[in-house]
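Take the sequences, apply the hints, and build the full model.
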Amino acid sequence: MFTTKRVPFTILFPFTWRAVLLFLSYSFLICFLYDEMDWKFLAIPFVPVATIGTAVAFYVGFKNNSSYDRLWEARRIWGSITNASRSWAIMVLDYISTQHSAHTLTDSELQQIRKDLIYRHLAYITALRVQLRQKPVWELHHNPAHEVVERIEAFRQCSLDKELSRFLPLNEIESLIRHPNPATFLMRQQSAQLRDLRENGLLSDFHHVDLERMLVEFYNQQGACERIKSFPFPRQYAFFSYVFTWLFIFVLPYGLLTEMAKVGNWHVWLTVPFFTIIAWIFNTMEIVGDTSENPFENSINDVPMTAICRNIEIDLRDMLAETDLPKRVQAINNILM
Amino acid sequence: MFTTKRVPFTILFPFTWRAVLLFLSYSFLICFLYDEMDWKFLAIPFVPVATIGTAVAFYVGFKNNSSYDRLWEARRIWGSITNASRSWAIMVLDYISTQHSAHTLTDSELQQIRKDLIYRHLAYITALRVQLRQKPVWELHHNPAHEVVERIEAFRQCSLDKELSRFLPLNEIESLIRHPNPATFLMRQQSAQLRDLRENGLLSDFHHVDLERMLVEFYNQQGACERIKSFPFPRQYAFFSYVFTWLFIFVLPYGLLTEMAKVGNWHVWLTVPFFTIIAWIFNTMEIVGDTSENPFENSINDVPMTAICRNIEIDLRDMLAETDLPKRVQAINNILM
Amino acid sequence: MFTTKRVPFTILFPFTWRAVLLFLSYSFLICFLYDEMDWKFLAIPFVPVATIGTAVAFYVGFKNNSSYDRLWEARRIWGSITNASRSWAIMVLDYISTQHSAHTLTDSELQQIRKDLIYRHLAYITALRVQLRQKPVWELHHNPAHEVVERIEAFRQCSLDKELSRFLPLNEIESLIRHPNPATFLMRQQSAQLRDLRENGLLSDFHHVDLERMLVEFYNQQGACERIKSFPFPRQYAFFSYVFTWLFIFVLPYGLLTEMAKVGNWHVWLTVPFFTIIAWIFNTMEIVGDTSENPFENSINDVPMTAICRNIEIDLRDMLAETDLPKRVQAINNILM
Amino acid sequence: MFTTKRVPFTILFPFTWRAVLLFLSYSFLICFLYDEMDWKFLAIPFVPVATIGTAVAFYVGFKNNSSYDRLWEARRIWGSITNASRSWAIMVLDYISTQHSAHTLTDSELQQIRKDLIYRHLAYITALRVQLRQKPVWELHHNPAHEVVERIEAFRQCSLDKELSRFLPLNEIESLIRHPNPATFLMRQQSAQLRDLRENGLLSDFHHVDLERMLVEFYNQQGACERIKSFPFPRQYAFFSYVFTWLFIFVLPYGLLTEMAKVGNWHVWLTVPFFTIIAWIFNTMEIVGDTSENPFENSINDVPMTAICRNIEIDLRDMLAETDLPKRVQAINNILM
Amino acid sequence: MFTTKRVPFTILFPFTWRAVLLFLSYSFLICFLYDEMDWKFLAIPFVPVATIGTAVAFYVGFKNNSSYDRLWEARRIWGSITNASRSWAIMVLDYISTQHSAHTLTDSELQQIRKDLIYRHLAYITALRVQLRQKPVWELHHNPAHEVVERIEAFRQCSLDKELSRFLPLNEIESLIRHPNPATFLMRQQSAQLRDLRENGLLSDFHHVDLERMLVEFYNQQGACERIKSFPFPRQYAFFSYVFTWLFIFVLPYGLLTEMAKVGNWHVWLTVPFFTIIAWIFNTMEIVGDTSENPFENSINDVPMTAICRNIEIDLRDMLAETDLPKRVQAINNILM
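Chains as they are written, first to last, in our numbering: chain G, 1 to 337; chain Z, 1 to 337; chain P, 1 to 337; chain R, 1 to 337; chain F, 1 to 337.
Mixed in with the good hints, there may be bad ones.
Short, incomplete list of chain R residues facing chain F, as computed with Cβ under 10 Å [claimed, not checked]: (1) 35; (2) 47; (3) 49; (4) 226.
Honestly, the hints are just simulated from the structure, not real lab data.
Owing to the predicted nature of the structure, the values given are computational and were not obtained by experimental measurement.
C-beta atoms are modelled at their ideal positions from N, C-alpha and C, and glycine is treated no differently.
So this is what it looks like as structure tokens:
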């Protein structure tokens, strides 16, 4: 996530320089052919070009809208994970009780059980985050939105086992990462521990089901993330938005020529800056949507999952009355991951 | 689902070659009549044509939007089925308990009960998938979106009984497929087994109702799929989008003639490429919406149900501690089903 | 619901012939006055007319969008009724149990109770369907969307008591139809029977509340239908969409005259076909929205409630292990009701 | 709510006569200055005016969309109140039972308890309705949408105590209306009675919580109404829609002059009818949104709360087996309140 | 929140005077160069400029829509907090009971417990409000939407501890504000007190879980506020809306020159007022969206959280039968905070 109100030129530059150079050369070439080589036939009327422009603006607008919805839904899901994590913590802390239990447990034994459930939860959100960012959606595709992030050392993805070592003992991690979906399996383990607690009388049937319902909630949010990750914006829509935009940019200068030539002779050269401005606007619209559609890609427009996970960790460990809380994650070069 | 960022020409070609050929011939004919036969009366002003263009772009945009919503909702439903399946599994594994039961069951007997409930669930999602893809919405309608898929051997639909044989004994399958809606009946059987478990004291009333609520959730998701399948995008909206687009394409070249003739004499022939580009854009917009509206059709834009079902199978069998897990489904020719 | 991909001319004709005739005569008259009577003052510039056109296209687009949302919501509600009906059936079949009851009931007595609850439910959805279709929203309004349906004998609405006789004894029906809202009262009776079952120990408190929650769900869906029925698309929006469209159609030919006259003398007569095409597109857009806004009107764009009710009946009676199941409802003249 | 398909002229007139008169005079004045005073400089090109027109149409469209959403949400809330009221009634009738109670109550005592809970609920929806309509959102603002309603005697708002006297004893009303929010307090009283019933063993814990959940639902719906009432469509959006529309109307005739003058000399006078039509369409669009944004204002576009409350009363008293049911509320002058 | 129907000039002025001055000078300069310096080459055709205008209007419209959605969602969340607070109050008042308790508590002891839970809740919503308004989203960014509010003494933000002192004892506040998120911790304390009540038999398991569910609801709403606060409208979308608007404004006067020059010589000076009107409309559209996107910023478009908190306080203390209720918050200079 980019965090300042204005996007500085240094961020903009890698996204646009290639296209701008292309627009300048393309329109320069056409003006040269028209004016110097006297290829007057290059000029075509502007009105049909404007018709394409309107249709393309519609279509790109639709794509932008949908990309934004995907991004916003992704952020909403991680908001829900935050809420549910806090709820999980107060439930774990206040539902487990020796009231109806035949066993007698010391306070520190009880506290250890609670800590286990909460730390395994922190491991869960960590695993989910790493899994989501690990595999790119498009294997061979690479763009400036990724490069900007990859250039920053601190954003290098750690391996899952290293990230988990803060919350789980090593032997558990080793068996865990052999499962096809570690995050899913961590929830499975939470459920197994809840069953134990119930069988030992530390949870009433009623409280047991209520806690299990929280696991269902986590599965729902996890599944929602995986759905966004594994079902990119449908290609039939996204690809043609790209094609239409470039078709429009391709025919645009011929239309501009005519209009500019109407005003005066050397005015045709104004086609160059004007074409570049219009083409840049349409191309930028396209790119804005394109780089926002996948919010879990280790790219500049990612949902800041690392920061969210840290905030959850701070809140939950504060509830456990721990005092050596970690610091909040800060933006680096105005990028928060 | 198409899985690469760019749609290659080999996929595009079957969708567009007929239309492009038509556009070329139609505009060529008109130019010929105008320029060679001197039928100057063919030229009409472009402005009213542009008015139609704007209205049509609106209307097609609305159709595309709605088709996308249908597709996205379909994917969301299958995401929910994934989530609920995982939840079903942890509940089945951890709710059924001999704690309050008069009966004594061995661990392996208990495990068998759990496996029954989970395997019947895998049979359920398989049955749902096959049912959704079996019957086409439009009996006599056939388009390239289907042909592309049908050409690939691996995507041939198996019969329901063959698909189910991996999860259910043969005799059960035989009686099952005689019911009007096998998927619905499988849930009915789950419910019956839950009742047995409750009556034998293996489920408390409270856990019983909570598991039954999961069956309600599956009925909700199944019904949502069937609703999308049996209620296509309303014809009054979809059909006129098609009619308006072609009316616009029909009148477009006459308007272009006038504009092109303004620039110079032989420029009228530029009507051919220009008309083809504009017509192709509008026609493609129409087709994109049209091929996306039905997401359970065994066509290229299908929700990848086969892959999703396999992922659920892997997750659930992993939870059952099975180790010979099947592989994930891979895309063939960049198509994931 | 219309069920084929293409709308045939026989369906289109009653909707459009009057308007097309009007468009032809109106534009013919204007051309005649301009060209033969030499009323040259009739020609006005096209550009302001195009401005109206854009604004109207926006407004009509908004109306179409909203009408579609109403239709889709209506279909979604009936989808939910289907899902809830199936859930109701498995709950009725598996919740009612003699486990905790002092009474001893034979299996067939139990089965009769279950059948009562399920058959009364089938009566409920039938009553809801008939109630929704009985009274038109606009008393004196009549359009081709209704005529097309009314011409087909099989779509004639039966009286409520006749329809209910398949599911309820006659004496119950008689007292039922005296209530102000029979469907609401049927749910009231379901609730009363559930209380009896609870008081006789055939339902635990917990299962009782869960079943009652299903009745709440049915009231929610019923209320949603009644809301759509009794609150048509607000007149302030719908009516002006109609007025603006016709104002646009009214001024359109004068603007076209000017444009056509620019090209050549007798070209003004091209105003007739061109005006007719543009006017037809705008008028058709308006009509599409207008005929779709009320989905429970016994008209061609109705949600196919009869078919949905039949499907529910088949599923539920199959669950009761009945074997003489009725057939699915088929479309007649491509219309499914 | 206006209830006929076509809005008659008598309703339209008060909304539009002032504006139409203004449009006519304004454009007449401009034409007079241009044609008679020869102020030719008044004519400016139309194209930039059209650009404003498109932008304004977008903006007004957005406002209309949002206003409609507010209106539709308001109607949806009152639909939910209807549904929840019916559910409240069947729960009150069938949950309260002497089964587990030490007390013995006669049937008529039980019935009185049920009647109390249902009549207090009818008082609640009445109080909510009156509260919503009592205070206008804009103290000093008054428009035809209100005048049309205020002219009709039957729509005069009664005071809250008079309306409540049909459902509550006088002494209760007196203490009730002293509270800051009577509707909120009525729910408080329902909750207190539920506690009494539970403490007297007439409600199991489980049924108690389920009934209390219905009170939560009513608070949710009430709060949703109050939110719409107290948070009008944000001024920054609504006000500029009004300003932009009138700016467009202000500059429009100068642009039309040029276009009309192109055709012929006296054609400039056609500016008057044309300007009036375009200005009327844009102004009407603006007004349609503006009069629909507040659905609880005692104005012509109100959600028909009086009719809905009456329908709930009929349904609930029918469930209580009462026979002297009131009549449904009828529209007066095609307005249903 | 601004509270009158029309926005007065005094509010508008600080937002627009700089831009209007800039527009006037810029266009004056261009006209001067064209007309006096005879730089005729400055005039370029208007049509391509109009194409940019349409695309920009689309894009800004999208931004406005999204900003409005954020604002409306924020208001909706605080509506839900109101509803849930009322529900919390009736539950606290009527769920806690000595019915099943071994302890005997006097009525005033019980009442004190209830008051504690309700006052701590009032502290919670206060803490949430102060936290949301404390830290700005953009550290160094400042605009008139904030200045208008900051000029009013009564809107100065108090420190959290001072605000909380009305509801909590001082020692509790001191320990509270040391936690990383005081609002989150207050809910933690509510949960701990609920556990105590359950362990002392003052809450049945069932009522305990139901009250805990309300805490989950509060965490959900709190998290939703924090999500809107910490995830501003994505920069890639918002920033380019700003850039495109100003690019359009930048090229607009050159296009207007040509059109105005067509009409007559000195008409070029009409570029100044016309340009200013069009530029002002587009710029205002942009600003409206920009100042509405962050609804918790202590700015003029804030959700009126102070007023909502006060209303909740009045309702809840009225339910506690307190009589010295505070007054509702009034708007100052038509601004309600």
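Structure-based check of each hint:
Restraint check, residue 35/R versus chain F: the minimum CB separation of about 16 Å is more than 10 Å; hint violated. Nearest Cβ of chain F to the Cβ of residue 47/R: about 5 Å, under the 10 Å cut. The hint holds. For residue 49/R, the interface hint holds, the least distance from its beta-carbon to any beta-carbon of chain F being 9 Å, beneath 10 Å. The interface hint given for residue 226/R holds, since its Cβ lies 7 Å from the closest Cβ of chain F, which is under the 10 Å cut-off.
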